[in-house]
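Listed here are the chains, written in short residue letters.
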Amino acid sequence: MSKTSYAVGEHPDLEPPASTIGVIGWLRENLFSNWWNSLLTLFGFYLIYLYLPPLVEWMFVKAVWSSPDRVPCDAEGAGACWAFIDNRFTQFMYGFYPKELYWRPNTAGLLLIALMIPLFIKSFRWKWQLGAFILLVYPFIAFVLIHGGYLGFELVETNKWGGLMLTLILSAVGIVASLPIGIVLALGRRSTMPIVKSVCVVYIEFWRGVPLITVLFMSSVMLPLFFPEGTDFDKLARAMIGIIMFQSAYMAEVVRGGLQAIPKGQYEAAASLGLTYWKSMGLIILPQALKLVIPGIVNTFIALFKDTTLVLIIGLFDLLAIIQQANSDPEWLGFDTEGYVFAGLIFWIFCFSMSRYSIALEQKLHTGHKR
Amino acid sequence: MSEPDSGLKPSKPAFWNDPKVRALFFQVLLIVALGYFLMTIVDNTLENMRSRGITTGFAFLDEPAGFGILQSLIPYTEANTYGRTFVVGLLNTLLVSGLGIVLATIVGFIMGVARLSHNWLIAKLAALYIETFRNVPLLLQIFFWYFAVLGALPSVRQSLDLGLGIRFNNRGLYLPEPIPENGFSIVLWMVLIGFVVSRFVKRWARKRQDATGQPFPVFLTTLGLTFGLPLIAFLILGSPLHWEFPELKGFNFKGGMTIIPELLALLLALTIYTGTFIAETVRAGINSVSHGQTEAALALGLTRVQTLRLVIIPQAMRVIIPPLTSQYLNLTKNSSLATAVGYPDLVAVFMGTTLNQTGQAVEITAMTMAVYLTISLTISFFMNWYNKHVALIER
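Chains as they are written, first to last, in the numbering used here: chain A, 1 to 371; chain B, 1 to 395.
Keep in mind that the hints are not guaranteed to be accurate.
[To be verified] To spell it out: a stretch of chain B is covered by chain A in this simulated footprint if at least three of its residues, at any positions, have a beta carbon under 8 angstroms from a beta carbon of chain A; those stretches are:
#1 26-32
#2 106-120
#3 132-139
#4 256-268
#5 337-349
Note that these hints are calculated values from the structure, not bench results. In this text, a Cβ means the ideal position worked out from N, Cα and C, and glycines have one as well.
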């Protein structure tokens, strides 16, 4: 040190203490701030040490990635048998759909993605029209493509549908069909007409009060009884009706949340402009309310997407059911874990990305009504 | 009318534009349409059932069931009636939901707090847990635990010994069972007495604190009374309790308590899955209490623990409880997935086996749905009551 005394205000700035900056500072603040935190940190590291290396070794290092049979998987010290998934992959995706017709569901899927892309482009002008097209016209195109039987497409019975394709179809149909019913129910629940209101309340609370499994059981066992003799429903249609009834009640509550969030002034302003009920709802209230509840709708979609796995109980072959069936294949016995991990990963990717999207949307939409 | 008639009348809308008339019309229309719809359904159902030779009514409940049930909380044999299977299933559903709610609450609160921890590693681990298990279907998780984990456990003869007489194998978890002896009921009464007395102590302590400002260690007293008193009674009476240990006899363990793998898998999955949602609820609740509250409490000289107990938790609970209720409801309804692994809950026993045997689809579906509706409405009623109770503390 060359200088030991300074005039007032002349002292040069000192470096911050080494223990508060850089890696050490971060560690001290975030991992070892006191004895309790240090203990927790050590515990956390111990957990990671205990589980991470064996997991990585099982999943990647020692895994068998592809093989026509199970021989390498049975070798001593072999890890995960991804060959099992590899061999069954197309079945997991399409169920028992005829191989040479895979292009049809593929086209339907790609078409949907192509149609959806403009919806995410900010400057695209015909979003409403395109959305309406997707909701109203696209389902028919998809039906003709996947089901066939029209326009010279070969018929593929619904009992051959399966795998991820069926999971996606069930959840997409469930959400698209339950949205309009849900809107009507939500409006009905907020109606001033006592009978309309109570009918809607009873409907909503009934379906929300019972588990989806009982609904599916009901639709598969009781629905045929409700219709005149000879009316034949296929299993998939019955499951869909059950899911739509169930889901529309949840959708109604989501939409109701949006309707309640619209300030009363909007209702009054619409009425004072002389708009009729349907006009004020359609032009003023619903466009604002639905915008608010898009994240909520995405969340219901996530819940429905996970819930579609229950259809395996009534004998449909969705992704989980197909994997469950493959697990019991005598040629590939004992690879349950791989199957479940694979199914879990697919569900996780879908649900996690949708939930992130929903959170991002919530933040983006959280503008007009923030006070 | 005393005013001269000017000949002008307030314009009155045509009757078809009168809101009251319209409301009446639409409601009558709705009732007629609904009535017609229901009547058609009932008509068709009766017709269909007649042609299939199914009798209506609840007489089948008195017929002998003739099938065994894996786990029953009340005495049950194959000779019992279908009515009894209903009760057995219902109790099993209540058992798994009750246990699940307690466990999921514990896991959820720990993980919710852990995710907010200042410890970076702990917060990330909690987030990893939440984001992983929340986004995977519950049914898949049940299958995973049942087939992949519990199914891979060793057989009875190679049981894992977890210490304290606990054995674990692919037939289930075998625990020592406490067998109360004479006088054990006194210990249980002491718990109740201790609890009641501590309530009075709490009231007295509050009064004294209001009057003199002197605090009293209520929490420790409560703890001492509710646990200490029975413990003393227990020791004075000479430990009127012994443990029955499971022992390997022949091909299986005899004695002790058994938790069947179906129940274990279901509980694990329900706890872990619902725990993630409760954790998120707890996190949102704690985050909703503004930081100013903490600062104000600390500025008043409250300790960290007091701040948490007196300021943060009461306010956070108000936000947490309504969504927590719906998580409890979800768990109860999700417990019906038991049927997928064969745990004998209401749906599996009654809507599954009984329905298959009797074919009484309408009655059985109605009874099962009525049970779930009752449970749902009761829980939400109770929680609303509690919510109000908590909300009253507000200014």
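Status of each hint after checking the structure:
With 4 residues carrying a beta carbon less than 8 angstroms from a beta carbon of chain A, the stretch 26-32 of chain B meets the three-residue requirement, and the given coverage holds. Remark: the stretch 106-120 of chain B is confirmed as covered by chain A, as 4 of its residues place a Cβ nearer than 8 angstroms to a Cβ of that chain, reaching the required three. Remark: the stretch 132-139 of chain B is confirmed as covered by chain A, as 7 of its residues place a Cβ nearer than 8 angstroms to a Cβ of that chain, reaching the required three. Note: the stretch 256-268 of chain B has 0 residues with beta-carbon separation from chain A under 8 angstroms; the three-residue rule is not met and the coverage is violated.
Coverage of a stretch by a chain is defined here by at least three residues with a beta carbon nearer than 8 angstroms to that chain's beta carbons; for the stretch 337-349 of chain B and chain A the count is 4, and the condition holds.
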